[in-house]
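**Student:** Listed here are the chains, written in short residue letters.
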Amino acid sequence: MVDLTKIKDSVIGGEVDDVVEMVRKAVDEGQSVKRILAEGLISGMGIVGDKYEKGDFFLPEMVIAATAMKAGLKVLSPMLKPGDVESAGTVVLGTAKGDIHDIGKSIVGTMLEGAGFMVTDIGVDAGPDKFVETAKENNADLIGISALLTTTMVGMEDVIKAVKEAGLKARVMIGGASVTQEFADKVGADGYAPDAPSAVGKAKELVKS
Amino acid sequence: METKLSSATKEVIIGDDLPTVLIGERINPTGKKKMTAALEAGDLEVVRREALAQIEAGADILDVNVATPIIDEVTMLPEVVQAVMGTVDAPLCLDSSNPEALEAALKIYKGKPLVNSVTGQEDVLKRILPLIEEHKAAVIGMTVDDDGIPNDVDRRVAIAHKIVERADKSGIPPEDIIIDCVTMTVGADARSALVTIETIRRVKDELGVNITLGASNVSFGLPNRDLINGAFLAIAIAAGMNCPVINVAKMRPTVLATDLLLAYDKNAMRYIRAQRQSR
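Top line first, the protein sequences correspond to chains L and R.
Quick note on the working numbering: the first sequence kicks off at 1 and runs consecutively.
Quick note on the working numbering: the second sequence kicks off at 210 and runs consecutively.
For reference, chain R alone in the conformation it holds in the complex (with noise of 0.2 Å):
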C-alpha cells in the first residue's frame, strides 16, 4: 500500500519495499527553550534554519508543532506551516491536537499533507477525520482510545482496526491511514517495546497500512540513550514501521544500514551515498 504526500513541488512515497521515509521531528518546541522563546516572540527564522538543517541531515517530511501553553496555535500553526513551504520543498506534517489550527493550516497548505495525529478516541475521530477528508490529507491513527494506551498487542491492534474502519466510513482510503504503533519506556516495563514490535507486525499483517513510531521514548531512564534508539529502529523497521518521526541527524545511519540489510536499498547506494558525503 502507498502513502503519497505532496508539497507544491516534491511528491514523497512511503510504501512497503521501499526506503523507510524519514520525518523529521525538530520543529517543535517541546523541551527546546531556544525555539520555545522564538515562536512564542513571533520569531520564524530560528524554525526555518532547523527546516534547512533537517534536509540537509537526510529528512523526507518535516513535522511542525507550535504548541506552547501561551501560542495561539490557530494564528501560529499556518504561519510557521508558510514559513517552512518557503523555506524547502518536503511534504510536511502538520502537529496539532487543535482541531481549528490543523483545519487553517490545512487550508494554506500546497500539496498533500500529513496530519498528526488522531486517536481511537470518539471525539478526536469525529472532529478531525472530515477535515483530512475534506483536505485530501493523510493522517497518523494513534492507537489509544478513551481508556488511555493499552498495554497488551490485541487492544492496539483492535484500535488500528477502529481508525481505518471510521476513516473508510468518512471517505479515507486506507492508503492515507498511516498507524502509530505507540512506543512505551523499556525501563519501566521489559516487555514494552515487545508490545509495540508485535503490534507493528499485526498491523502491517491484518490492515497492510503503513506505520510510524516515535522512538525516543523506548529509552527513557536508561544510559546511552542514541543507541537503543537506534537497535530499536532497526528492530521496528523489520518489523514493517516504515515511516519514524525522529531526530535524523542522529537516526539516519542507522536507517539506511537498517533498509539496506532489508533489500530496500537497490545496489546499497543511498547508503554508499551517505556514507561519502560524511567522509
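The following block holds chain L by itself, in its conformation from the complex (with noise of 0.2 Å):
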C-alpha cells in the first residue's frame, strides 16, 4: 500500500515524477481518491504555504510544489465524484485595470488552488466589468483584486463599486505591495491580505463567513 504520507512528502518536496506516480499506484490498489486528494494532495500544499509564510520556503520551492500537487490532481480528477472534492469555494482572481503585475496574483491563485480553492484567473488589466461578468459565470464567491503600483490601486474601488452594484454575493479580498488594512477599510474591501499563504486563511474566512 502506498503510504499517503509519502504523497505529502512528494509535493513538499516538488517532486513531480514520483506523486504522479505514488497517486497512480495508490489509486491502482483502491485507495480512497478522497483520501489521496485529502491527505496527500492538499495537506502537503498546506505545509508549503505554511513554510512560505515563515521564510522557510522559497518561492521556486512553491511553484515546484504546485506544479507537482496539480500534477497528482490531474490523475485523480477523471476518478472524482461531485462530492469528493469539497470545493473550499470558487474565486475569480486578477490585477487591476491599468497594473500588469501578473506573479503576486497567480501565487495566490496556486495557493488557493492548493488549499482546495477552484479559481478562475482572468489574468491582468482587468476592468471592473470582467471581474463582474466573470464572477456572474462562476457563481463566484469571493473575488481577489491585485495591485502592485499606488496608481492602479484605485481602481480596485471600481472593481469594488461594480460588485455591489450588480448585487453579487461574491466577497471582495485586495491586496499587492502598497496595499494596506487602511486602504482596504477605505475602498470597503472585505478583506486584506499581505502576502499568498494569508490570502488563504483570509479567503476561507470570507467564504465561511
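Please keep in mind that the hints were generated in silico from the structure rather than gathered at the bench.
This structure is a prediction, so every number in the text was calculated from the model and none was measured.
There may be inaccurate statements among the hints.
What the hints assert, rightly or not - Below, a sample of chain R positions facing chain L; criterion: calculated Cβ distance under 7 Å:
1) Thr-277
2) Val-353
3) Leu-431
4) Ala-448
5) Gly-449
Unchecked claim - Computed Cβ-Cβ distance ranges for the label pairs, DEER-style:
6) L/Ile-64 with R/Leu-436: 18 to 28 Å
7) L/Arg-24 with R/Leu-436: 37 to 47 Å
8) L/Gly-55 with R/Asp-252: 29 to 39 Å
9) L/Ala-38 with R/Pro-432: 49 to 59 Å
Unchecked claim - Computed footprint of chain R on chain L; a stretch qualifies when at least three of its residues, placed anywhere within it, have a C-beta under 8 Å from a C-beta of chain R:
10) 31 to 42
11) 100 to 109
Built from N, CA and C at the ideal position, the CB exists for glycine as well.
Assembly of the complex is requested from the two constituent chains, each provided in isolation within its own frame, with the hints serving as guidance.
**Tutor:** Written as C-alpha cells, this is what we have:
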C-alpha cells in the first residue's frame, strides 16, 4: 500500500514524477480517491504554504510543489465525483485595470488551488466589467483583486462598487505591495491579505462568513 | 547613440562605451511608509534628504514618483520636482502614469528631463508622445502592450520597434527613446531573466537605442536578493543595458566593477575613486 504521507512529502519536495507514480499506484490499489487528495496532495501543499509564510521556503520551491500537486490532481480528476472534492469555494482572481503585475496574483491563485478552491484567473489589466461578468458566470464566492502600483490601487474601488451594484454575493479581497488594511477599509473591501499564504486563510474566513 | 539629459546646470550623457548611468529609484512612496506619510502631509523635507543621499551615493539621475492613492499628482509632482531641482543639480526622471501630472511637471522643469514612461499601448502612446515632443524631453518605453508583458523575446522586440517608430512619427528622434526590456521574477519562471537579457541584445542590435532596467523584480521570493540583483545587473550591462533604475547606495559598487571589466571606465579611475572614498 502506498503510504499517503509519502505522497504528501513528495508534494512538499516538488518531486513531480514521484507524486504522479504514487498517486497512480494508490488508485490502482483501490485507496480512497478522496483521501489521496486530502491527505496526500492538499495537505502537502498546505505545509508548503506554511513554510513559505515562515520564510523557510522560497518561491521556486512553492512553484514546483504546486506543479507536483497539480500533476497528482490530474491523475485523480477523472475519478473524482462531485462531492469528493469539497471545494473550499469559487474564486475569481485578477490584477486591476492598468496594472500588468502578474506574479503575485498567480502565486495567490496557486496557493488557493492548493487549498481546495476552484480558481478562475482573469489575468492582468482587468476592468470592473470583467470581474463582474466572470464572477457571475462562475457563481463566485470570492473575488480577489491584485494591484502593485499606487496608481492602479484606486481601480480596486471601481471593481468593489461594480460588484455591489451588480448585487453579487461574492465577497471581495484585495492585496499587492502597496495595499494596506487601512486602504482596504477605505475602499470597502471585505478583506485584505499581505501575502499569498495569508490570502488563503483570509479567503477561507470570507467564504465561511 | 547618445541620449543627452540635463538639469539647469548639468548634462548627463547615456551612450555606448560610456560609463553606466545610475538612475536613483528612492524618491517613490511605494512600499515606504515614512515617505508616503510625508508626501501625503505635503512635507517635502524627506524628499530633499533622499535626493541628497542618493547623489552622495553616486546617482547620476533621480527618478521622481509621488503616486499614492490619495495624492493629487497633478499638483504634487511639479511641487516635488521643484523641491528636488532646488536641492541637487542632477537631471531628473519624471515618473507618473498620469499625463496631466507629467505635463504639469514638464512645464516647470528646467533642462531636458527623462519621462518614465510610455508602453506600446495605443492610448498611452497617443497621450504621452505629443508631450515628449512638445517639451523636447526623452522618454522610457516599456516593452509592454495591450496584451500585457509578452514572455517571449520576439514580441518584446516588436513592441520596442513600435515605440521607436511611433515616436519618430511624432517627431521624437530615437536617441530620445530609452527602452525598458522589463524584468520578471526568475523564481516564478526560470527563463524569465534570459528573456530580458536576450531582448536587451536584440533591441541594442536592431535599434541601437539606449536601454534601462529596473532590476530588483528579478529576485522576488528568493533569499539574498541583493546578490541576485547584482549578478543580473552585471549580465544586463554586458548585454547592452546602460542606465538602470536602482537603489544606488546598494548597487553602485557592482555596476562600477562591471563597467571596469567592460572597459567603460578608463584606467579604472572611477572604480578606484569610489573604493578609496568608501575606505
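**Student:** Determine whether the Cβ-Cβ distance between L/Arg-24 and R/Leu-436 falls within the hinted range of 37 to 47 Å.
**Tutor:** At 41 Å between Cβs, range holds.
**Student:** Establish whether the coverage given for the stretch 31 to 42 of chain L by chain R is satisfied; the threshold is a Cβ-Cβ distance below 8 Å, and no fewer than three residues must meet it.
**Tutor:** Result for this restraint: violated, n = 0.
**Student:** Return the status of the interface hint for R/Ala-448: holds when the least beta-carbon distance to chain L is below 7 Å, violated otherwise.
**Tutor:** violated, 23 Å
**Student:** Holds or violated: the hint that R/Thr-277 contacts chain L, with Cβ atoms closer than 7 Å.
**Tutor:** Holds: closest Cβ of chain L sits about 5 Å from R/Thr-277, inside 7 Å.
**Student:** Would the hint on R/Gly-449 stand, with a C-beta cut-off of 7 Å toward chain L?
**Tutor:** Constraint on R/Gly-449 not satisfied, violated at 24 Å.
**Student:** Mind checking the CB of R/Val-353 against every CB in chain L and telling me if the closest is under 7 Å?
**Tutor:** holds, 6 Å
**Student:** I want to verify a distance hint. Is the separation of the beta carbons of L/Ala-38 and R/Pro-432 within 49 to 59 Å?
**Tutor:** Check failed, 32 Å falls outside 49 to 59 Å.
**Student:** Hint check: is the beta carbon of R/Leu-431 less than 7 Å from a beta carbon of chain L?
**Tutor:** holds, 5 Å
**Student:** Note whether the CB distance of L/Ile-64 and R/Leu-436 lies within 18 to 28 Å or breaks it.
**Tutor:** This hint holds: roughly 21 Å between Cβ atoms.
**Student:** Given the range 29 to 39 Å, decide if the beta-carbon distance of L/Gly-55 to R/Asp-252 lies inside it.
**Tutor:** holds, 34 Å
**Student:** Verify this for me: three or more residues of the stretch 100 to 109 of chain L with a beta carbon less than 8 Å from a beta carbon of chain R.
**Tutor:** It holds: at least three residues are needed, and the stretch 100 to 109 of chain L offers 5 whose Cβ sits within less than 8 Å of chain R.
The structure does not agree with the numbered hints 4, 5, 9 and 10 stated previously, though it agrees with the rest.
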